[in-house]
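Asker: Residue-level listing of the chains:
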Amino acid sequence: MSSETLTAQETDWKQPSPRKVAMIFVILTESALFTIFVVAYLFYIGKSLVPPYPHQLLHFPWLGSVLLFGSSGTIMVAEHHLKKGSISGFHLWWAITFAAGVGFLFWTISEWIHLIYQEGLTISTNLFGSTFYSLVGLHASHVLVGAFLLGLILFMSLTGRIRHYHHEHVEMISWYWHFVDCVWVVVITVVYIISANS
Amino acid sequence: MPNGTTTVDVGEEQLPARPGQERGTLTGWIQDLVYTVDHKKLGILYIGMALVFLVLAGIMAMLIRAQLAFPDGHVVSPETFNSLFTMHGTVMIFWVAMPLAFGMANYLVPLMIGARDMAFPRLNAFSFWLTFFGGCLLFFSYVGAPGLYGSGGAPAVAWMALAPLTSRAFSVGPSTDYWSLSLLVAGIGSVTGAINIMVTIFCYRTKGMTLSRLPLFVWMTITTMFLVIVFLPPLSAAQIMLTLERYLGAKFFDTQAGGSAILWQHFFWIFGHPEVYILVLPAFGVVSEVIPVFSRKPIFGYPMMVAASVLIGFISAGVWAHHMFAVGMTSFGVTFFGIATLAISVPTGIKIFNWLATIYGGKIRLELPMVFAIAFLFQFLIAGLTGVMLGVAPFDWQLNDSYFVIAHFHYVIVGGILFAVFAFFYYWYPKVFGRMLDKKLGFWHFWLFTIGFHLTFDPQHIAGILGMPRRIYTYHPGRGWELWNLISSVGAIFQALGIIFFVLNLIWSARKGKVAGDDPWDAWTLEWMTTSPPPDYNFEKLPEVRSRRPLWDLKHPDDPDWKFE
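So the sequence lines, in the order shown, correspond to chains A and B.
So for the first sequence, our numbering puts the first residue at 1; every next one is plus one.
So for the second sequence, our numbering puts the first residue at 199; every next one is plus one.
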């Protein structure tokens, strides 16, 4: 950025990193978006007029959760390797993270196929269907974006375009990935624990 | 003038030419505006777009007033009338007032904090073009919506688009989809723009420009953009739900399937009320810059002004249901939202008193920006007072959805925000175009518009108290509303004349206005340090900022501000 030339020689004048500030606000605005869908889900628990109801269909998402929470750990290991300058370690752990993200998406697809074709729950079936698919779908769409970013970095890194001084760029993607993880905690609590037991 | 060796011929007086500023062909000029990522050009684009939409939505308002001027009027059909007030409201909020806020912030913030551009210039262009195409999408509904289905036209669901009016059964054809999709598109543009401005403010300040030395306009912009970032997504979420309902048969607001139409109102107003502050805070910022400069005094109570605007930002999150008193809620809900609504008038009152204290004892120069700022003070005070009245639930039950409410929020948006925007134009136009706006035309604009504003909106308070509901197509004689409506409609003509003078002034002064120089108002913020118009790189060199009035320090080295801060 051009104003860096203005402040470059003035070493005692420190301001926060634009990347970090921008990512904080992205996460803030995304949280606000999710909040409304979560509120809609909570508000409509037990208000569906026709079956199926959550407690008949929903099982705790063990596989998806293990994949997603695990990937939050592996991405941190990958970052650590990049900061140390060990590119091969970074490749390995980043690829594992990417695979976990894609795995989560496949798990969601299989869950939805089961719900739609075996259980007959679609977005237009009842209020449960509308709120379930919109909330879980919004989260899955964020996982999709995250997986795309992970894949992009993997590709760039394998073609030799990522160096250790890119660790802050990479860190921003991991911030986003952790955020998607935190949202999953809320989704599990609201959808798979509260509504499935009410 | 650093690079001023040649001059180009523009009118009687000459502006010094700078490299890259020569007059080119029209296509070259348009190409430059389309390709640009410069924050100043994008700011001008935002404001220019807002002015075009202001005229379009203003013409709609004229048609509404023509229809209501006399009882049993038939100027337009009832269907057209519904789409007129829907489009008028939607366009004025989302494509006039918000782009004005973004345009002002875009142009001024980097200059005021001593940055060379926004943090993410290309994202900045992206935000503008999304907003622009969102507006095009909305207006395309006039030709696109009836096209395939043979029904519908422009959206006709009012700007808050209450459920279940927006369901497939009650709004046939795609016109409501145009409404919801255009707002989604423009909403993404607004959020990305807001993030960009925030990052610019927090990460690209010049040396010494600490947060406690930011000009108040920048502080108000921080609060505004924070509100955009946090409270625009609820609207987007509600639009997504509405679109899912209309296209995939989701049941969110479908009362037949157990859904709640009230939930839409909650979601809409969780966005809708902070939106009022998104619009009004930049206006506060403009007034906070204009009043000190034209009273020749530093702003009174700078820390309180900052605290008050941040407090307004926070309280505005908890007042939305005062738009829904008449819907019915628990007595706890009524009490909570009533108290929060009254509480928000406290920081606003602090601001009014600080502006008055700044003027008090000052050496007042009644130039055009100051004249508009003083009118703002009077009118915004009345707007606030009717706001407090409506915050009292029993009063609101009586007058909800009446012309009293219309009068109240037009006092806020026209009497408050638009007057501050005019002050913005008269104050910063010399910086943007290098020439002063003409004073004579300006005072014609001021008096015509002020008289027109009061003629239009003062009587609407009375019509509202006499029971005239909003959004009605026409009314029968004998209810005591005729006179007030006629005065209102006559006032609209005065306002239109005022706007014509204003637009003529903008065009005429760009070519023939008096050459302004770098600092025509003897002001104190950094943007007046550079040339008018500023070069592409904004500043050649900047001093270290040591106080809230860096230019004062520069002009008065013997009596600098930083000795007293």
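Read the hints as simulated data drawn from the structure, not as lab findings.
Model, not experiment: these values are computed from the prediction.
Just so it is clear, CB atoms sit at the ideal spot from N, CA and C, and this is done for glycine as well.
Heads up, a few of these hints could be off.
If you want the footprint, here are the derived chain B segments under chain A, 3+ residues with CB under 8 Å [unchecked claim]:
| id | stretch |
| --- | --- |
| 1 | 325-337 |
| 2 | 664-677 |
Only pairs whose alpha carbons sit at most 25 Å apart, straight line, appear in this in silico BS3-like list of lysine-lysine [said to hold, decoys possible]:
| id | chain 1 | residue 1 | chain 2 | residue 2 |
| --- | --- | --- | --- | --- |
| 3 | B | Lys739 | A | Lys14 |
| 4 | A | Lys83 | A | Lys14 |
| 5 | B | Lys637 | B | Lys739 |
| 6 | A | Lys14 | B | Lys637 |
| 7 | B | Lys753 | B | Lys712 |
| 8 | A | Lys14 | B | Lys405 |
| 9 | A | Lys20 | B | Lys637 |
| 10 | A | Lys20 | A | Lys83 |
| 11 | B | Lys739 | B | Lys753 |
| 12 | B | Lys710 | B | Lys495 |
Asker: Which earlier hints can't be squared with this structure?
Answerer: 1, 2, 5, 6, 9, 12
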